[in-house]
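Make a model of the complete structure from these sequences and hints.
Protein chains in written order, with the working numbering: chain P, 3 to 278; chain E, 43 to 355.
FYI, nobody ran anything at the bench for these hints, they're computed from the structure. Be aware that one or more of the hints could be misleading.
[Said to hold, decoys possible] For lysine to any residue, the following SDA-like pairs were computed, each having C-alpha atoms within a straight-line distance of at most 20 Å:
#	chain 1	residue 1	chain 2	residue 2
1	E	280	E	339
2	P	184	P	171
3	P	129	E	95
4	P	129	E	269
5	P	129	E	324
6	E	269	E	288
7	P	129	E	108
8	E	280	E	144
9	P	129	E	88
Spelled out from the first residue to the last, the chains are:
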Amino acid sequence: MVQKRTPSLTTHIILLILAALTLYPMIFMVFNAFKSGVQTAASPFSFPLHPLLQNFSLAFQATASAYWRSGFVVSVSVAAMLAFALLSAYAFARLEFPEREVLFYVIFGLLLVPGFLTLIPLFLEIKALNLLNSLWGLILPYIAGGQAFCVFILRTFVRSIPGDLFDAARIDGAGELQSFLKIVVPLSVPIVVTLALLNIVGLWSDYILPSLILSSNHATVAMAIANFQPPPLAPSVNAFNLQLAAFTMASIPIAVLFLFLMRYFVAGITNGAIKM
Amino acid sequence: MLADRLAVKPSTEDTVSRADLHRRAVWRTRLIAYAFLAPTFIFILSFSYYPAVRALIGAFTSWDGFNPPTWIGFSNFTQAFQDPVFLQSIGHVALWTVVGIPLALVPPFIVAELVFQLRSMRAQYLYRTLFIISMVLPTVVGILIWQYIYEPTGVLNAVLKLIGLGFIHHAWLANPAYALWAVILMGFPWVAPFNLLIYYAGLQAIPGELFDAAAVDGTTRWGRVLKVDLPLVMSQVKLLLVLSIVGVSQNLLTPLLMTGGGPGTSTTTPVFYMYQTAINYDQYGYGMAIAFMVFVVVMVLALLNMRYFQSES
Numbered sequence: 003m004v005q006k007r008t009p010s011l012t013t014h015i016i017l018l019i020l021a022a023l024t025l026y027p028m029i030f031m032v033f034n035a036f037k038s039g040v041q042t043a044a045s046p047f048s049f050p051l052h053p054l055l056q057n058f059s060l061a062f063q064a065t066a067s068a069y070w071r072s073g074f075v076v077s078v079s080v081a082a083m084l085a086f087a088l089l090s091a092y093a094f095a096r097l098e099f100p101e102r103e104v105l106f107y108v109i110f111g112l113l114l115v116p117g118f119l120t121l122i123p124l125f126l127e128i129k130a131l132n133l134l135n136s137l138w139g140l141i142l143p144y145i146a147g148g149q150a151f152c153v154f155i156l157r158t159f160v161r162s163i164p165g166d167l168f169d170a171a172r173i174d175g176a177g178e179l180q181s182f183l184k185i186v187v188p189l190s191v192p193i194v195v196t197l198a199l200l201n202i203v204g205l206w207s208d209y210i211l212p213s214l215i216l217s218s219n220h221a222t223v224a225m226a227i228a229n230f231q232p233p234p235l236a237p238s239v240n241a242f243n244l245q246l247a248a249f250t251m252a253s254i255p256i257a258v259l260f261l262f263l264m265r266y267f268v269a270g271i272t273n274g275a276i277k278m
Numbered sequence: 043m044l045a046d047r048l049a050v051k052p053s054t055e056d057t058v059s060r061a062d063l064h065r066r067a068v069w070r071t072r073l074i075a076y077a078f079l080a081p082t083f084i085f086i087l088s089f090s091y092y093p094a095v096r097a098l099i100g101a102f103t104s105w106d107g108f109n110p111p112t113w114i115g116f117s118n119f120t121q122a123f124q125d126p127v128f129l130q131s132i133g134h135v136a137l138w139t140v141v142g143i144p145l146a147l148v149p150p151f152i153v154a155e156l157v158f159q160l161r162s163m164r165a166q167y168l169y170r171t172l173f174i175i176s177m178v179l180p181t182v183v184g185i186l187i188w189q190y191i192y193e194p195t196g197v198l199n200a201v202l203k204l205i206g207l208g209f210i211h212h213a214w215l216a217n218p219a220y221a222l223w224a225v226i227l228m229g230f231p232w233v234a235p236f237n238l239l240i241y242y243a244g245l246q247a248i249p250g251e252l253f254d255a256a257a258v259d260g261t262t263r264w265g266r267v268l269k270v271d272l273p274l275v276m277s278q279v280k281l282l283l284v285l286s287i288v289g290v291s292q293n294l295l296t297p298l299l300m301t302g303g304g305p306g307t308s309t310t311t312p313v314f315y316m317y318q319t320a321i322n323y324d325q326y327g328y329g330m331a332i333a334f335m336v337f338v339v340v341m342v343l344a345l346l347n348m349r350y351f352q353s354e355s
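Right, here's the structure in full:
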C-alpha cells in the first residue's frame, strides 16, 4: 500500500540530478578532450560539435611508451600476486600443519599495516637494491602488497570447495600439487578474476610509489598523465585539452575491463564486504 | 615369559613405528605446506615486514638517507610536538575527518535508498551503473579534474557566475583561507561508488517480510528507512566508518597532487608532512616518526570503533 504512494517521479528526478552531478567531472573531461583551447575557454560546458580527433593522437604520442611499462608492471604483478596467494590459500585451507594459525596471522596482520608507514623505507630499500628506474622496483613490492588481502579471500574460497573432490583425487593417486592444479585452479577462476580486476584497477592508477621510484622518462601511465608534457609540435594553447585527452585514454583500458567483467566486480565488492 | 616377550615386543615395536610414521607424515605435510607458502613469505618478509620494521625503528633515529642512522631515542617525537607545521597539520586532518566522514557515509546511503526503493529492477540496475561508472577514472584523474574545477577560470567560478553568485569568485586552491575546505569538499555530491555498492548490497540482504510488516503497520517511507533499513545496515556503516577513518588519515595523494600541501602549509596533513620531510628535506628519521604517530592514532581509532560497534550489535 505504501509502495503505491511512493512519489516515483520525484525519486527519478533527484537521482538523475545527482547522477549528472556525480558524472559531471567525467563528462567535462570527455567533452573538452575533443575541443581546442579556444573552444574550451569560450564554452567549457558545451558538447564538442566539431570534435578535434587530433588531440588524441597527439596525447598518445606523448604517453605511448608509458602504456607498455604500465601494461608490463600490472600484468606481471597481478599474475604473480594471485599465483602465490592461491598457493598459500591452498596450504591454509587444505593442509594440516602445526604452525598453520600462526603463519596465517603473520599474513593477515599485514592488513593492519598502512601503505604510508612502509612508503619511505620501501623507497630506500628499492634504492639500496639498485632498482630505481627499474620496473622490478615496482613489481616486487606490488606482489608483496597484494598478498594479505588475496590470501584472506582465497583461503575462504578454497575452504568452501567440497572435501569429496580432494578425497576422490587422492584415491586416484594425485599429490597435493596435482590436487591444486586440477581442482583448485579451475574452480577458482571466477574469484581470481574478481581479485585480478580489483588489483588491476588499483595498480593501474597508482601514482605515489611509481613517482618515487621511476624518473619521468620511465613514467607509468598514471605518472605520464599527471605530469603531462604535450609533444613539442602541439599548439600550446591546447595543452590542457591534450591532457584531458590523455586522461580519457588512460581510463579506456579500465572501462573495457569493466564492460566485460562488471558482474564479477560488483559481486566481488558486495560479497566480500558482507562476509567481513 | 616367552609368551610375554612375544606378546609385548612386537606391540612396542608397532607403536614406535606408528609414532615414527605419524611424525614422518607430519613432517611431510609441513614441508609441502612450506613449499606452497614459500613465495608469499619470501615476498612479504622482504617487501612488507622488512620496511614496516624499518619504519618503526627508524622513528627513533636521525637519518639523512646516506650516512648510517644514529639512535636518538624520542627526540623526533619531542621535536614534532614543538613543530608548528606538524601541530597545524593535526588540526587539518582532524577537520578533514570530522567533515569528510559524514560526507563519505551519508550521501551514498541516501542514493542507495533512493535506488533501492525504485520498483523496476531495470531502473535500479541502470542507476546503479550510472553512479559507479566513474570508477573507471584513475584516482589521479579525478583529483586533477577537481583541481581544474577549482581554478580561478575553472568550472566552479563559472557555475557561481551562472547562478548569480559571481561575487563569491575565488582562486579556491590558491587562497589559504579556502584551500583546505576546497580539498575536503572535493567530489561533490560525494556519492562514492564503492560506498554506494556496499550499502546497496546491505539493503538487498534485508528480508522482504520486514518491509511488508512495516507497510502493514502503516509506516511512512522514510520512517521505514529509519526504523528498519538503517539498523539493518549498521554492519555496513561500521565497515565504511572504519575504512573512511583509515582512508582520510592516510590520504597522501590529494594534497600531493592538488596543492602540494600549500599555499604555505595550509593543506599540509601529517602524512603529507611525513612525505615532505623525508623525500624533500631528507629527514628520514623525522618522517618515520610522524608516520609512526599517525599509525598509532589510526590503529587506536579503528579498534575503538570496532569495539564500540561490536558491543552495540
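For each hint, the structure was consulted:
1. 280/E to 339/E: With Cα atoms ~18 Å apart, residue 280/E and residue 339/E stay inside 20 Å; holds.
2. 184/P to 171/P: With a Cα-Cα distance of about 9 Å, the restraint between residue 184/P and residue 171/P holds, given a limit of 20 Å.
3. 129/P to 95/E: holds (17 Å)
4. 129/P to 269/E: violated (56 Å)
5. 129/P to 324/E: Holds, because 14 Å separates the two Cα atoms, which is no more than 20 Å.
6. 269/E to 288/E: violated (29 Å)
7. 129/P to 108/E: holds (11 Å)
8. 280/E to 144/E: holds (13 Å)
9. 129/P to 88/E: holds (14 Å)
The structure fails to meet hints 4 and 6 from the earlier list, while all remaining hints are met.
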